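Keeping their order, the protein sequence lines are chains A and B.
To convert, count from 1 in the first sequence and add 12; that's the working numbering.
To convert, count from 1 in the second sequence and add 3; that's the working numbering.
In case anyone wonders, no lab produced these hints; they're calculated from the structure.
Note that the structure is a prediction, hence the values are computed from the model and not measured.
Take these hints with a grain of salt, some might be off.
Unchecked claim - Derived list of chain B stretches under chain A, where covered just means 3 residues or more per stretch with a C-beta under 8 angstroms from a C-beta of chain A:
#1 15-23
#2 69-77
#3 150-160
What the hints assert, rightly or not - Among the chain A residues that face chain B by a calculated CB cut under 10 angstroms, a handful are:
#4 Glu61
#5 Val144
#6 Gly147
C-beta: ideal position from N, C-alpha, C; glycine also.
So the chains spell out like this:
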Amino acid sequence: MNAFRNSVQAAIPALRRYARALTRDAEAADDLVQDTLVRALRSEHLFHEGDVRSWLYTILTNLNRNRLRTLARRPALTPIEEADTPGMSGPEAGARDIERALASLVEDQRAALLLVVLEGLSYREVAEVQGVPIGTVMSRLARARAQIKAYLEGERPPLRRIK
Amino acid sequence: MANRDAPILEAELHAYVDGELPAERRPAVRAWLAEHPEDAARVAAWQAQAELINARYGAIAQEPVPLRLDVARLARGERRWSILAIAAVLAAFVLGGVAGWFGRETWAGAVAGVRVLTADAIDAHKLYVVEVRHPVEVAGTEQAHLVQWLSKRLGYDVHAPDLGPIGLKLVGGRLLPGASGAGAALLMYEAPSGERFTVYCARADGPESALRYHAAGSVAAFSWVDDNKGFVVSGPADRDRLLKIAQSVYDQENTPADKKPG
Chain A
13 MNAFRNSVQA AIPALRRYAR ALTRDAEAAD DLVQDTLVRA LRSEHLFHEG DVRSWLYTIL
73 TNLNRNRLRT LARRPALTPI EEADTPGMSG PEAGARDIER ALASLVEDQR AALLLVVLEG
133 LSYREVAEVQ GVPIGTVMSR LARARAQIKA YLEGERPPLR RIK
Chain B
4 MANRDAPILE AELHAYVDGE LPAERRPAVR AWLAEHPEDA ARVAAWQAQA ELINARYGAI
64 AQEPVPLRLD VARLARGERR WSILAIAAVL AAFVLGGVAG WFGRETWAGA VAGVRVLTAD
124 AIDAHKLYVV EVRHPVEVAG TEQAHLVQWL SKRLGYDVHA PDLGPIGLKL VGGRLLPGAS
184 GAGAALLMYE APSGERFTVY CARADGPESA LRYHAAGSVA AFSWVDDNKG FVVSGPADRD
244 RLLKIAQSVY DQENTPADKK PG
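Pulled out of the complex, with its shape left as it was, chain B reads as follows (with noise of 0.2 angstroms):
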C-alpha cells in the first residue's frame, strides 16, 4: 500500500471506468474518488456518455440482420460476380492502401460514386416510367439509330441489352444530365404484364465493384461498376427478379461478340 497517497492519474481513471484496472488498485482509486469530487464527476459523466451511446445505438444489435448481409447468400452470390469484381477491387484495394496511388479511386470511393449514380438512376426510372406518351425520346423499334445516338453523345460504346429471353421488351431511350455534367444514357424496358424496367448507364471512375441491391419503397435497383461504366438496373421491388436481369445485362455487357469488332 506504498502508493496509498500518490495521485491517481487520468489513465487509471479511464481504466476504472472501462474494467480495465487491475482488481488490486480499485480501492485505491475508489478511496480517491471518495475524496476528490472533480474526479468523481467526470468518472459519473464517462459513464453517462456511456450509457447515453448504448441507449441510442444497442438496439441495432437487436434488428434482424437485412438479407443482403446473408453471409451463406454472399458467399453464393459473390462467386459469379467474383472474377471481375472483387478481384479488381480488392487490387485497389491493396495498391491504394500500399501506395496511395489510386487517391480517390479506392474502393470506398468507388462505393460512394455509386451511391450517387443509383439515386440518379433511381430518379430518373420513377420520373419515366410513369409517363404514358413519352416514356421515351427515341423508340426501341429504332433500335440502331438510338444505339448510335448514345454512344455518339456519350462518347463510349452504349449497347441496349437484349432481354427478350426474360420477357422484357426494349422500349426505347432517352439522353439524361449525368453526375458532374456528363451524359447519362436510359433504356427502357417492358414486361407482358406492363411493368417498366430500366438500364441506367453513365461514366463512373475507379474500379469495378461487387453488385449491389438497394431497394428504395416499392422501387428498387442493382447497380455495379464494371469497364468505368456505372450500371443501374431500377424495376419495381423484387430482388430475385431484378437479379435476374441485372445479371442478362451484366453478361451481355462482358460479352465480346456483342461488342463491334475492330
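In isolation and in its complexed conformation, chain A is listed as follows (with noise of 0.2 angstroms):
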C-alpha cells in the first residue's frame, strides 16, 4: 500500500471511536466510517497535502451531520442504545450518563468537544474540520461543557455532593 493509504488505515481505530462516540450507535458509527474511507479512497488523487487524519475527520463530521438531517425525519430510527436502562449503578451508570449528556447536545458542538477531549485535536484542526474560525470552536466548546455539566448535575442530584 502506498503512504496515502498507511495513514488512512492507521487512522481507522481512531475514526471508530469517534464516530461511536458521534453517533452512539455502533453499526451507524462504522458504517459511517465505511463511508468516510470509501469517499477518502475516491478522492485519493484530489489530496496533495496536509493531515490526513484531520481530512478524515472532516469527512466523518459532515457525513454525520447528513445522517441526522436524514434520521430527523425518520423518528423510528432511533438507536436502540438510547433506550431506558433502569436499574444500572456504578461505572455504568456513568456511562449511560454520559451517553446521554452527549446526546442531548447540538451536533456541531458535540463534534467539537468530541474532537478535543476524545481525539486531541487542537482548537486550530477542529476549526479546520468544522470549517468555521477558533473562537466559533471555543464557543461551542463552553457550551458543550456547561450543557453537559448541567445535566449531570441534574441527573444525579444526590451523587453531586460526594465527589
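Since each chain sits alone in its own frame, please combine them into the complex, following the hints.
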C-alpha cells in the first residue's frame, strides 16, 4: 500500500472511536467510517498535502451531519442503545449518563467537544474540520461543557455532593 | 506580570484544560484557580467530563478493526462497484452539498433508507427460509408467471436472476409489504445442500449506493441501491459466498439483454 493508504488505515481505530461517540450506535458508526473511507479512497488523487487524519475527521463529521438530517425525518430509527435501561449503577450508570449527556448536545457542539477531548485535536485543527473560526470552536466547547455539567448535575442530584 | 490581577477569562480556563494555553500564562491561571474555588470547581468538572468520555469510548480504538473497514479490501472491492455506485453517490453528494437540491436524497439519506430496507429483508428472509411447506407463494417452476405477477403488482420490472451457474435453483417468490406501504418482492433460491438464499427488491429513493455487508447473527446480507430499486441478498453468514451471489444478481440487473427490448 502507498503512504496515503497507510495513513488512512492507521487512522481507522480513532475514526471508529469518534464515530461511536458521535452516533452512540455501533452499526451506524461503522457505516459512517466505511462511507468515510470509501470517499477518501475515491478522492485520493485530490489529496495533495496536509494531514490525512484531519481530512478524514472532516469527511466523517460532514457525513454524520447529513445522516442526522435524515434521521430527524425518520424518528423510528432512534438507536435502541439510547433506550432507558433502569437499575444500573456504578460505572455503567456513569457511562449511560455521559452518553445521554452527549446526546443532549447540539451536533456541532458535540463534534467540537469530542474532537478535542476524545481525539486530542488542537483548536486550530477542529476549526479546520468544522470549517469555522477558532472563536466559534471555543464557544461550542464552552456551551457543550456547560450543558453536560448541567445535565449530569440535574440527572444525579444525590451524587453531586459526594465528589 | 502586568496582567497578574486581571481576571482570567473563561476562554482561558478552557484553553488551560485542553493544553492550549501558552506556557507563560499557566502560572497566572493556576494562581487564579487557587483563589477562586468556583472556577476551580468548573475546571474540575470539565476534566471529569473528559475522563468520563474517554472511559466510555476510549477502548473502542483498541478493538480489532472489522474486516469491512480494511483499506486494501475497500480499495479493491470498490473498483468493481465504483463506476455506477460511487460516482453516482459522489455526484449526489456534491450536488446536494452545493445546491441543496437533493434534500432527502442525499447519500446519508440513502444509507439510512438502505438500512431500513435491509432490516426488512433480513426479517423476511428469516421468516420464510425455514418454511418447509409454503416457503413461497408462486413456485419457481412458474417463473414466467411469477415475474409477470410481481412486476405488475410492484409497478416496475422484476427479474428472477439466473443463479444456476453458481449452483442455486429458484424456489419461487412472494409479494411482501415494504416500507411506507409500497410492496416488495422476495425471491428464494436453494443450494443443493439445502441452504436458502433470498433476493429482496423494493423501491428505494436516493442515488445508487455502494455495496454493503450486514451481519445479523447467523444470517448476513449484501445490499445496494441501483436505478431506484433497493436489493438485498440474504443468506447464511458466509461473506465470500454471499458476495458472489450478490455480484451475480447485480451483474444481471445491469445487463441490458436481461431486460425486455423496447
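Here is how each hint holds up against the structure:
With 4 residues having a Cβ less than 8 angstroms from any Cβ of chain A, the region 15-23 of chain B passes the three-residue criterion, so the hint holds. Look at the region 69-77 of chain B against chain A: 7 of its residues bring a Cβ nearer than 8 angstroms to a Cβ of that chain, three or more, so the hint holds. Interface restraint, the region 150-160 of chain B with chain A: violated (0 residues with C-beta to C-beta distance below 8 angstroms; minimum three). About 20 angstroms separates the beta-carbon of glutamate 61(A) from the nearest beta-carbon of chain B, more than 10 angstroms, and the hint is not met.
Because the smallest distance between the Cβ of valine 144(A) and any Cβ of chain B comes to about 15 angstroms, over 10 angstroms, the interface hint for this residue is violated. With a least beta-carbon distance of about 9 angstroms to chain B, the hint placing glycine 147(A) at the interface is held under the 10 angstroms criterion.
The structure does not agree with the numbered hints 3, 4 and 5 stated previously, though it agrees with the rest.
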